[in-house]
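Make the full structure from the sequences, and use the hints.
Protein chains: 2
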Amino acid sequence: MLKFDVHAKDGAARRGTLQTAHGAVQTPAFMPVGTAGTVKAMTPEMVKDTGAEIILGNTYHLMLRPGAERVARLGGLHKFMHWDRPILTDSGGFQVMSLSGLRKITEEGVTFKSHLDGSSHALTPERAMEIQHLLDSNITMVLDECPPFPIERKPAEMSMQLSMRWAKRCREAFVKRDGYGLFGIVQGSVYPELRKQSAEMLREIGFDGYAIGGLAVGEGQALMFEVLDMVMPSMPAERPRYLMGVGTPSDLIGAVLRGVDMFDCVLPTRSGRNAKAYTHQGELNLRNARFAEDTNPVDPQCRCYTCKNFTRAYLHHLFKAGEMLAGMLLTTHNLGFYQQLMQGLRQAIDQGKTMEFAKDFLTGLEKD
Amino acid sequence: MLKFDVHAKDGAARRGTLQTAHGAVQTPAFMPVGTAGTVKAMTPEMVKDTGAEIILGNTYHLMLRPGAERVARLGGLHKFMHWDRPILTDSGGFQVMSLSGLRKITEEGVTFKSHLDGSSHALTPERAMEIQHLLDSNITMVLDECPPFPIERKPAEMSMQLSMRWAKRCREAFVKRDGYGLFGIVQGSVYPELRKQSAEMLREIGFDGYAIGGLAVGEGQALMFEVLDMVMPSMPAERPRYLMGVGTPSDLIGAVLRGVDMFDCVLPTRSGRNAKAYTHQGELNLRNARFAEDTNPVDPQCRCYTCKNFTRAYLHHLFKAGEMLAGMLLTTHNLGFYQQLMQGLRQAIDQGKTMEFAKDFLTGLEKD
Numbered sequence: 001m002l003k004f005d006v007h008a009k010d011g012a013a014r015r016g017t018l019q020t021a022h023g024a025v026q027t028p029a030f031m032p033v034g035t036a037g038t039v040k041a042m043t044p045e046m047v048k049d050t051g052a053e054i055i056l057g058n059t060y061h062l063m064l065r066p067g068a069e070r071v072a073r074l075g076g077l078h079k080f081m082h083w084d085r086p087i088l089t090d091s092g093g094f095q096v097m098s099l100s101g102l103r104k105i106t107e108e109g110v111t112f113k114s115h116l117d118g119s120s121h122a123l124t125p126e127r128a129m130e131i132q133h134l135l136d137s138n139i140t141m142v143l144d145e146c147p148p149f150p151i152e153r154k155p156a157e158m159s160m161q162l163s164m165r166w167a168k169r170c171r172e173a174f175v176k177r178d179g180y181g182l183f184g185i186v187q188g189s190v191y192p193e194l195r196k197q198s199a200e201m202l203r204e205i206g207f208d209g210y211a212i213g214g215l216a217v218g219e220g221q222a223l224m225f226e227v228l229d230m231v232m233p234s235m236p237a238e239r240p241r242y243l244m245g246v247g248t249p250s251d252l253i254g255a256v257l258r259g260v261d262m263f264d265c266v267l268p269t270r271s272g273r274n275a276k277a278y279t280h281q282g283e284l285n286l287r288n289a290r291f292a293e294d295t296n297p298v299d300p301q302c303r304c305y306t307c308k309n310f311t312r313a314y315l316h317h318l319f320k321a322g323e324m325l326a327g328m329l330l331t332t333h334n335l336g337f338y339q340q341l342m343q344g345l346r347q348a349i350d351q352g353k354t355m356e357f358a359k360d361f362l363t364g365l366e367k368d
Numbered sequence: 001m002l003k004f005d006v007h008a009k010d011g012a013a014r015r016g017t018l019q020t021a022h023g024a025v026q027t028p029a030f031m032p033v034g035t036a037g038t039v040k041a042m043t044p045e046m047v048k049d050t051g052a053e054i055i056l057g058n059t060y061h062l063m064l065r066p067g068a069e070r071v072a073r074l075g076g077l078h079k080f081m082h083w084d085r086p087i088l089t090d091s092g093g094f095q096v097m098s099l100s101g102l103r104k105i106t107e108e109g110v111t112f113k114s115h116l117d118g119s120s121h122a123l124t125p126e127r128a129m130e131i132q133h134l135l136d137s138n139i140t141m142v143l144d145e146c147p148p149f150p151i152e153r154k155p156a157e158m159s160m161q162l163s164m165r166w167a168k169r170c171r172e173a174f175v176k177r178d179g180y181g182l183f184g185i186v187q188g189s190v191y192p193e194l195r196k197q198s199a200e201m202l203r204e205i206g207f208d209g210y211a212i213g214g215l216a217v218g219e220g221q222a223l224m225f226e227v228l229d230m231v232m233p234s235m236p237a238e239r240p241r242y243l244m245g246v247g248t249p250s251d252l253i254g255a256v257l258r259g260v261d262m263f264d265c266v267l268p269t270r271s272g273r274n275a276k277a278y279t280h281q282g283e284l285n286l287r288n289a290r291f292a293e294d295t296n297p298v299d300p301q302c303r304c305y306t307c308k309n310f311t312r313a314y315l316h317h318l319f320k321a322g323e324m325l326a327g328m329l330l331t332t333h334n335l336g337f338y339q340q341l342m343q344g345l346r347q348a349i350d351q352g353k354t355m356e357f358a359k360d361f362l363t364g365l366e367k368d
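Each protein sequence line maps, in turn, to chains S and L. Numbers 1 to 368, taken from my numbering, label the letters of the first sequence in order. Numbers 1 to 368, taken from my numbering, label the letters of the second sequence in order.
Bear in mind the hints are in silico, worked out from the structure with no lab data behind them. Nothing false has been slipped in among the hints.
Since the list gives no way to pick one copy over another, a pair counts as held whenever it fits inside one copy or between any two copies.
List time: in silico DSSO-like cross-link candidates among lysine-lysine, alpha-carbon distance up to 30 angstroms:
(1) Lys196 with Lys168
(2) Lys113 with Lys320
(3) Lys48 with Lys308
(4) Lys79 with Lys40
(5) Lys113 with Lys168
(6) Lys308 with Lys320
(7) Lys154 with Lys168
(8) Lys48 with Lys276
Note that the structure is a prediction, hence the values are computed from the model and not measured.
Put into structure tokens, the structure is as follows:
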């Protein structure tokens, strides 16, 4: 029950609009990560100013603190965090694997211990749907098992099959509402046959969108693009395609060229707090002494608040002094840079010049 | 060379305007502290939105990092930190006493070791003037010795006398410029005769404004008000009066009633990062579990960005989760609350209702 229109295509790249109960999202879109009910170091207004139309919330973090029922009593995640645009939430599965203590996966679901206080919790497909409903998430993700990389074919297949059975239970448990939707997640690691099977099984169940999971887990860009090349033909063309947890600017460009519509990643926000700037000329570490008297903006080609008003020298000083404003300003820039990249890609697709745009942009990244 | 007009008086309270090269300041005024070239956890636009017309910078911090000469090469402190309104800088003397390692005071000045890296530095009256000139500070403070509290009369007198000799050297070293000025600092601890002597010696030298130093160092509000009562009659009426490092909301009210025009204090910013909220009903600690589902704004009577858009429950969550946005939002509120208090006081003076305003406000603070 999410309207999605593809307005233009350029090769495999697509230009679309996704309609939700909290407004529209122009695709290809990048979603800043708002882990615990806040995009770190940013007010919602600052996030909007970067051009972001949708953010991601983490079910794992929110179910542990402040708790899904509490968020619901407080009016849902939009109201709680003062973000009136669309929100996508992950299912919690990925963080259960990467953050929690002792965990046990059964057919029923996963039990785990909180990384915060060691308390025991259970996540089943049904509970994952309930939590995301309580959060009032516009786009709910199915609970899946996130296998490690690398993984042998046999366990990859078993894991994928389990995720598909969970996907079906999620579909059945999901409460349909206008302007809200449920996305399935294609698994199968790097095995073409498994990926294809997974995509077909999800299509048969029927979802509002289709995500590609299990990538950006250390396999490298070349292999990730290979997997995309093999899996995209099986992904329904009339529905949004979401590449989870990706990635660097060049990852995004390569994936858009292969037909991906949506992305999320902690890189721009996490890097922003760690002095790493994304620019049209590649990455900079603003702690480097060479920036101490550099009066250029972080990225002379950038139009963000930070680049309009502050110098590299000032940000260098703020990082050296351990000031909070350092992370605030560089997160603002990095998110602004990512959104400007997405705007550029959308415009290029509209104009049928996606390859030229990609080539120019990637050439620029090599310059520094 | 700072124009200062007193428009209205109500008892001892004064309503004025201070003109600087970077714009006007309505008094009584509260100056947020921007220690290291940033009001912590705030962009300059966020600081402006609270209503602040002038901020304070710390000479001690800036001379050590990034260095006064560097700030000058980068265009001065206003440009460096993107704050186009007035800036007052302290002389560094207070932090030399409170933060630095081994220090030695002579007639010439003070030598000390940096708290950052142990490097040796010297601060003389002449160097303090030079540094603040390099920073392009609108209001320069004289270098003074800041004696401890309590202190016997004899050492208090010797310290005050040294500060007065330094004040004279500062006046001679200060480069006069239109829209820039130099403030003297009255010392003398809690001894009426010393305070009076100090004020008269400063008046004889002649300054653009007069500060009261050596208070808010543990003497308590009652004794501070006593000192104000004894010293204010000696402070030139035609020039702004600045009470350094003060204070709580009730400190500000009591001091305005006694004729003080300017204040600075780290309380609203530091408390904002530590979950302590100033409100019309007194102080709140937002980490307290009773706020976990409190859907009220931090202060229902407040008009700030934080109170317009977020609940106590959300801020409670942010502090529990250790999110940067917690400090950003509560600093925004606390500074907004302080500025609204100053606006209220200015309006009350204009209307000749300062005592009523003070009484109502102070009664409100007792309610929680």
